[in-house]
Structure formats: structure tokens, C-alpha cells
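Student: These are the residues of each chain, in order.
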Amino acid sequence: MFALSRASVRSVSRSALRSFAAVQTADKHTLILVRHGESTWNLENKFTGWYDCPLSDKGHEEVKEAGRLIKAEGLSADIAFTSLLQRAIRTLWHVLEQTGLMWIPVHKAWELNERHYGALQGLDKQETVNKYGKDQVLVWRRSYDIPPPTVDKSSPHHPSNDPRYAGFDFPEEFTESLATTLDRVVPFWNKTVVPEIKSGKTVMIAAHGNSLRALVKHLDGIDEATIAELNIPTGTPLIYELDDNLKPIPQVGAIAPLQGRYLGDQDAIRARIEGVKNQTK
Amino acid sequence: MFRSIFVLVASFASCSAFTANGFHGNFARNKSPSTALSMAHTLVLVRHGESTWNQENRFTGWVDCPLNEKGIQEATSGGKILREEGFTFDKAYTSTLKRAIKTLWLILEELDLMYIPIVNLWKLNERHYGALQGLNKQETVDKHGKDQVLVWRRSYDIPPPPVDESSEYFPGNDPMYKNVPKSELPKAESLKLTEERFMSDWENVILPEIKSGKKILIAAHGNTLRALVKHLDDISSDDITELNIPTGVPLVYELDEVTLKPIPHPDAIAPLKGRYLGDQEDIRRRIGAVLAQTK
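Each protein sequence line maps, in turn, to chains Z and L. In this text, residue positions in the first sequence follow the numbering used here: the first is 1, and each later residue adds one. In this text, residue positions in the second sequence follow the numbering used here: the first is 1, and each later residue adds one.
The following block holds chain L by itself, in its conformation from the complex (with noise of 0.2 Å):
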């Protein structure tokens, strides 16, 4: 009777650490539910491609310059892959700048879902550059000296010069921004301050969705997507600061049910859980990983 009380025991404690090690099984803890991955909330993140300003090398953040005609390829590209995986969404979010909503038109129209609510939210907008936003980054290196650039563009909290409220740039004098009370309009942000009015919307708009079953799309910006791996995936603000989210590349999640944490992919590319999808060489070249990196 020992041994059998032994092997009992035995064989759970095989169980935790096959659940300690990311092995989905139905015979983990009882209290909770199973998490094998067809009880998880699938999300996907698409970050925008090439703009025009891009091209011309100049700082945008919240600019409605629209994508080229490589960024168009680019989110044509991510639709496709989608596709050809056999993605479905119910909603999609995206920001209120066309180089976002493009995209995510773009791929709807690929997937077959055009249909589909999508709702803008200004707070998934690119982080605000400021004063810098319009000026060319070469001449604000001759100007500023590439250390204080290299400052505004990678510091987790340092924003770059605030535009004047009087400024083209100060959102609240462009229609768009017309039923945002003007306080909460930026003048420039640093990716924390991107983060920070990003989570709200996060929490109280988008999560709710993601609760209730839905499958959720976002396209939006290299800067409120790291807000939003940096918050899905425990990334530290040194971490965050570096990490390059290639455009027009889909990048897929997979949430727990229960604890809404992302659940590992085995093909993830480190520091993140979620999975890219397409060409992995062509991917990892692009973000800079080292093949040998593993977390």
C-alpha cells in the first residue's frame, strides 16, 4: 500500500514539474482549470510598416504621415502569414494615425474580415516626439549632439523638448483631438509616459474584450507595443529601451485563461513569450537576436 501511496505521489509530483517546465496538461493542480493552449486568449500584435517620413528619416511620433509603398507590402505580407495559419478575429484595435490604420485595413482585407468592429484609440497612438517631431534626425544629431539624441530616443523616462501649446504639433490643436480634454493631450512623451497612458486603455478597454472570449487584433506602434510586451512579459525598462519589434510582422499571444499571463511559446524570441510568425532567420536578423540566445 506505501508503494502504491508512493507512486502516487510520485507521479504528481512528475505532474508539477511537467507544469513547472510549460507542459500543458489536464492533470495539473485541480484548483485551477487546464491550460493547454486551446483554453487560451489568443492575441496578435502587428506593429506598422515604413512611412514615408520614416524614409526621409525624420522623427514622427504623432504625425498621420501614411505608410509607403514597402509598408503597404509589409502589412500585405502580415495579412497573408495570418492566413495562411488560419487566424480569425472578432476585434481590432488600433490607434487613430493612418500608418496603423492602414495596416490593419490591409490585413483585415486579406483575412476576410473587413467586417470586423474596429475601434481607434488615440492612446495607442506612437509615443509623441515633441519638439523633435518633423525635424530630420540627421541635423538634430548636428545640432543636439548624437548623445543627448541617443538620449531622447532610448531613455525609458527622458522625454524629448515639449512642443508649445500654440504648435502645429500640440495635438490639441488638430481636429482629430477635438473630445480630448486638452490636459491629457501630450506635449512630448519618453516611452514610460507612452506606457503609462497606454495601460489605461489597456486595462479598461482592451482587457475586458480579451476577457470575454474575443479574439483581439492590434495594430499599432513600435513604442505602445513595447509599453505592452514590456507589460504582458515582465521586460525591465533597460531591457525595453532596446528591444526592435519588426514591422508588419505578426506577433502572436497566447493568454491564460485564468491569470491572463502569457503562456510561453517555444518558438518564442527572447525576452518575449509571444511567437513571431514567418521567415524565423529573416526575423531574428531583423530584431538583431543571436541564434544561441535563449532565456
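So here's chain Z without its partners, still in its complex pose (with noise of 0.2 Å):
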């Protein structure tokens, strides 16, 4: 008798609360999206792109860390997209572990890769600066439609020479800018990942600097100029409210010109932010 009344006053309460919940999330779309933790490469200062290096040890713990965030704040999701490169699958890896979801469905799709460098790939950050000059390998960099040179056939980073890419067309000649790299983000996201949003699944998106400015770019509408020099923190949890024509819902502590917002310490967040204008990449 007592676990009968026990069980209706849960019951009565949990029923108000879901309630509660329709009505508060009702025609919301949650989309969770996390950078990768630094890299090997990272650490070595050099032009990573479609290279597969791992994360350094610091990287797993931030993605751990983004994991635990994702977490406390009480957020699930049903699916998650990656890109083909290690250190962004073990980031959604780490993530799916803390929040226990280990077992949803992941895609794995080239689509979501970082903007490959081109010739840049695998050379010493300041060696290309000493090499071309740093006004040069700034637009290289920063610039939003202007690639660094291109590899071939011949080159280990043309993708035709990667099994993971067999399949796939490549021009002869390839390399990205973040121009190119949006033209290949918000086709994927459009065909791929919004119908699931739309059949009412919370979206994860583990990826990389250029794949998450260039869904930004798209989400936020911000402009070529900002987008190239926008700052996205690694292994910091993004979130995004979309509303059902997918338009992101303007989030309470978002940091401009996003309109979603960061998981996390949002002093250190705002000063990662700032600070990393001034780094190499």
C-alpha cells in the first residue's frame, strides 16, 4: 500500500514534469557540437589538415572534461557525425563514455574533416613563415578563399593515396580554404544530418576548427570576414537550440557572433577565445 502511493505521487509529479518539459522544449532542436582536444601535431607547431595525427595527452583530458560538462548539464543525444580523422573520433569517443551513450549510432563522413592544408601539410609552422614569409602564410591561414598551395597524386596527402578515402573522387590537384571547406560542410549538413534533426533526434557533432566555422557560419549567418578569424575552443562543449526551420534559437550567455553557447568556466572560455588570435594554429 505504501509503495502503491509511493509509486502514484511519482508518478503524478513525473507526468507534471514531462509536461513542464513538452511545453519548455517543444519545437527545439538541441545540437551538440565539440572541437577536438590538441593534437600531436598541435603540439608540434606544425600544418596538421588531413593528416591523422592522435591527441597529445592534454587533448584527452579536455575532451574528457567536455564529456563531463555535456553530462552535468543533463543533455543526451540519440546520433552522432564525426569526420574520418582519428583525433575527432576519439573526442566523440571520450564524450559518448562520460555521457554514457556509447552505444547510439555514429557517422563517420570525410565531409566533417578539418580543411585539408594542401603542401602546407606536415610542414613546421614557422620553417613556412621563414620559407614564404609571414604575410603570406597569413593568408594561407586566414584568409577565407585563398587555399595554400596544392598536392598531387604523387604527394602521401593527396587523399587518392588514403584507403579510408577509396571511393571517393579528389581533383588531381587538391588543397582547401575555409570557402571550399563550407562548400563541402553545409551540403553534408543539409542531406544528412537535418533530416535526423528534423525526426526529432539531438545531434552530436565531434570535428574540427574550420568544419565547425564553416557550420557556423551557416547556422549564424556571420559573415567571410568574422568567420575567418573565429576562434572555436577545443574540447569545449557548443550548444545550440535550433528552432524547426533550423534557425539557431538565440541562447542566454552566448558569446557574439555565435548565437549558441559554450559548457564550461565562461571567463577561461572568453579568454581561449581572445588568446588564440595571437597563436599559431
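No wet-lab data here; the hints were simulated from the structure. This one's a predicted model, so the numbers in the text were calculated from it and none came from an experiment. There's no promise every hint is true.
[To be verified] Think about it this way: if two alpha-carbon atoms lie no more than 30 Å apart in a straight line, the pair counts; the simulated DSBU-like pairs of lysine-lysine are:
{"#": "1", "chain 1": "L", "residue 1": "K214", "chain 2": "L", "residue 2": "K80"}
{"#": "2", "chain 1": "L", "residue 1": "K211", "chain 2": "L", "residue 2": "K80"}
{"#": "3", "chain 1": "L", "residue 1": "K80", "chain 2": "Z", "residue 2": "K64"}
{"#": "4", "chain 1": "L", "residue 1": "K70", "chain 2": "Z", "residue 2": "K58"}
Each of the two chains sits in its own frame; use the hints to bring them together as a complex.
Tutor: Below you can see the structure in the form of C-alpha cells.
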């Protein structure tokens, strides 16, 4: 008898909470974005792009913390997307482990890869500056649509020489700018991610600086000059609420020009966003 | 002329003899293509390693407990052996339970294959242990008697007592299975029931991928792997309940391209036709096989 009445009380308050939650979350689609943590080539100060280096020890810890933050926020996800590069995949795996979601379907796609750095991949950043001059390198790194020099099929950095890209056709001469990155991120978003969101699924994306820049540029309507300078801190969950038209609902605590909000120590995050501007990536 | 015909016939006869003994030559029957190993489909199975509940000696089933440190080591070792022997894969399957998923992740990390697609199939989950889930094995023996517990554990077709639909151990109450019709979810399973629900995914999901030429890795559980090898190797219901598949040890099958039947490997330990990778002495000790036994 005691058990029964406790159960009824619980179920009444549960259903009250459910209807309250339903009103709150109606027409809202949660999207969780995480940029992968520090990689070994970040440490070695090399241009990475599509090179498949792993997370550094610090990177592992950063993204475990990201997972803990997402869990503490009470967020869950139904499906996840990531790139074909292990630093993003490992990031996702850490987050899924921390949030108890190791079982959800994961879709891996080259379209979420970091921007390809053409002939600069593998080169030391300082050496490249010494060789080409600071201004030229800055153009290649921060211009919206001027890509670095290309690699051809004789280069180990050309995707045709990596079995994970078998079945995909890449140009003989290959390189990417943020503009061309967006040209492959946004169609992927529209074709593959949007239907999942519209079917009511909460989506999590673990990806890279430039693929996430492309995505938020699209979501938040950010202009080219601003997006080229925008820094998305690593391992910091970025939460969007999208309406039924998949437009972001501006979040309390969002840091312009983004309409999504970061989870974690807000002061530290602001400092990181500002600070990275002066660093080499 | 008769002598040459005789020689010709004799040589054909000996060709067939070779084939019957498992020698794979290009001169076998004309109708079927070569069954040389390079034309076979590679399938690798790995049973997940020790979990925290193994350590605590509790019936686990569908309870989603993690690997312990030893289980992590076992998975990493399995991955290392696969890497040393030059294995690669196009796609991987695992269950929805983290001890198998983690095992797979650790192996793929060792192999530098983290980018391959992974599919989580609930039908690859361990056998559901019904109302015994969560109970300590010794306590259960004390309560129900050694013989009854032995029946529940090692019988082919007698399931343990079922869980109630309101139980936390009924998968219908777990958000993980919210997209599965409740009528399909188990309340208790025998090895036979596990086999029946797994085999539909084997036939409809995994086998087509194998046929299309993809190299497949499956990281799963003791009873679902038993179900699979029972089917692949034609093992009897009596023999399968006693079969021990050692944890973290890659089990390699080469399936004939045409028949999809395993090509028996010379290093296979009966009744399996696939071979384990790793220290063979150690493996035999772990599965309790007698060295002199061959089939």
C-alpha cells in the first residue's frame, strides 16, 4: 500500500514535469558541437589538415572534461557525426563514454574533416613562415577563400593515397580554403544531418576548427571576414537550440557572433577565444 | 592411348583427393571457382574481456557494466596481435553494451582503423540472464542449489526465471532500446533463444556485407559468439554449451567465397574451424583443450 501511494505520487509529479518539459522543449532541437582536443601535431606546431595524428595527452583530458560537462548539463544525444580523422573520432568516443552513450549510432564522414592544408600539410609552421614570409602564410591560414598550394597524386597527403577515401573522387590537384570547406560541410549538413534533426533526434557533432567554423557560419549567418578570425576553443561543448526551421534560438550566455552557448567556465572560455587569435594554430 | 587416359583419370582422382583433404588448388572441380585462401572472406571474432561484474562474480547478461583494467589490457593485446599479423577491416559490428564496444574501440585504435563504420546491433548483446541478473553467483547457488544453477547456466534451451516487465532489468524500460518493439525484447534467454534472435541479424545484416567483399570484425559476447560458431562450424547443442571462447583473443575465420562455409584452418582447435591468434599453448590452457585432441 505504501509502495503504491509513493508510486502514484511519483508518477503524478513525473507527468507534471513531463508536460512542463514538453512545453519548454517544443519546437526546439538540441545540437551539441565539440571541437577535438589538442593533437600531437598541434604540440609539434605543424600544419595538420587531413593528416591523421592522434590527440595529445592534454587533448584526451580536455575532451573527457567536455563529456563530463555535457553530462552535468543533463544533455543526451540520439545520433553522432564525426570526421574520418582519429583526433575527432577519439574526441567523440571520450564524450560518448562520459555521457553513457557509447551505443548510439555514429556516422563518420570525410565531409566533416578539417580543412585540407594542401602542400603545407606536414610542414613546420615557423619554417613555412621563414620560407614564404609571414604575410603569405597569414593569407593561407586566415583568408576566407585563398587556399594553400595544392598537392598532386604523387604526394602522400593526397587523399587518393589513403584507403579511407577509396571510392571518393578528389581533384588531381587538391587543397582547401575555408570557403571550399564550407562547400562540402553545408551540403552534408543539409542532406545527412538535417533529416535526423527534423525526425526529432538530438545530434552531437565532434569535428574540427574549420569544419565547425563552416557550420556555425551557416547557422548563425556570420560574414566571411568575421568567420576567418573566429576561434572555437578545443574540447569545449557548444550547445545550439534550433527551431523547427533549423534556425538557432539565441542562447543566454552566447558569445557573439555565435548564438550557441559554451559549457564550462565562461571567463576561461572568453580568454581562450581572445588568446588564440595571437597564436599560430 | 589407354595408358594416358588412365594417367589422366588418376591425376583427376588425386586432385579430388587433395581437395577432399582440404588442400586448395586451382585444379579442383571446374564448376566452382578456386577455394584458395586468397579468395575467401575474412571474418574475425573477438569476445570482450573481463568486466567489473565478472570480477564481482555477478550474473551480468544485459546489464551494461564496463570493462575493468584487465579487460582493457585483453582488448589492447587482441588489437596488437591483429596488427602484427597484418589484419585490416572494412566494417565492424558490436552490441549495444559498453564492454563489447570498448573492446572494439581499443582494437580499432591499435589497428589505426578508427575511421571504419561501426554498427551497434542489440541482437549481438550477451544472453539475457533474466531474474538472475545482478545476483551474485555464489549466493544464487546457495539459494537455488548447485544443480539448478548449472542447468540455468549450461543448458542449451532452459532459460533462467524471467524478469518482470516492471523490473529495471527488463530492456523495455531502458531508453537504449526505445526504438525496439517491447515484444521483441527478452525477459530471460537460453543459449537457444539467444541464437535465434542473433541469427536473424547474422543473415540479414552481417552476411550480405561479407558477401559484398567487406572484411568484417565482430566484437561481442560469450553466448552470441557461441551462437555464431555453432552455426558456422555445425557444432551440436550439447557441445556448444561446454565450449569456452577465451576473452580478448581474435578468432579468425576464412569463409569460402561461394559456400560461405569456414575453410578449416590447420591450427584450428576442435570443434572450431577458425583459428585463434596468439600464444597457442596459453590459449589451449584457457579453453581447457587437451593437446592430443584433434578432429
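Student: Take the C-alpha atoms of L/K80 and Z/K64, compute the straight-line distance between them, and say whether it is at most 30 Å.
Tutor: Roughly 25 Å between the alpha carbons, so the hint for L/K80 and Z/K64 holds.
Student: Take a quick look at whether L/K70 and Z/K58 sit within 30 Å of each other, Cα to Cα.
Tutor: Holds, at roughly 24 Å.
Student: Is the Cα-Cα distance between L/K214 and L/K80 30 Å or less?
Tutor: Status holds; Cα separation ~21 Å.
Student: Keeping to a limit of 30 Å between CA atoms, is the pair of L/K211 and L/K80 held or broken?
Tutor: holds (27 Å)
Of the numbered hints given earlier, the model fails none.
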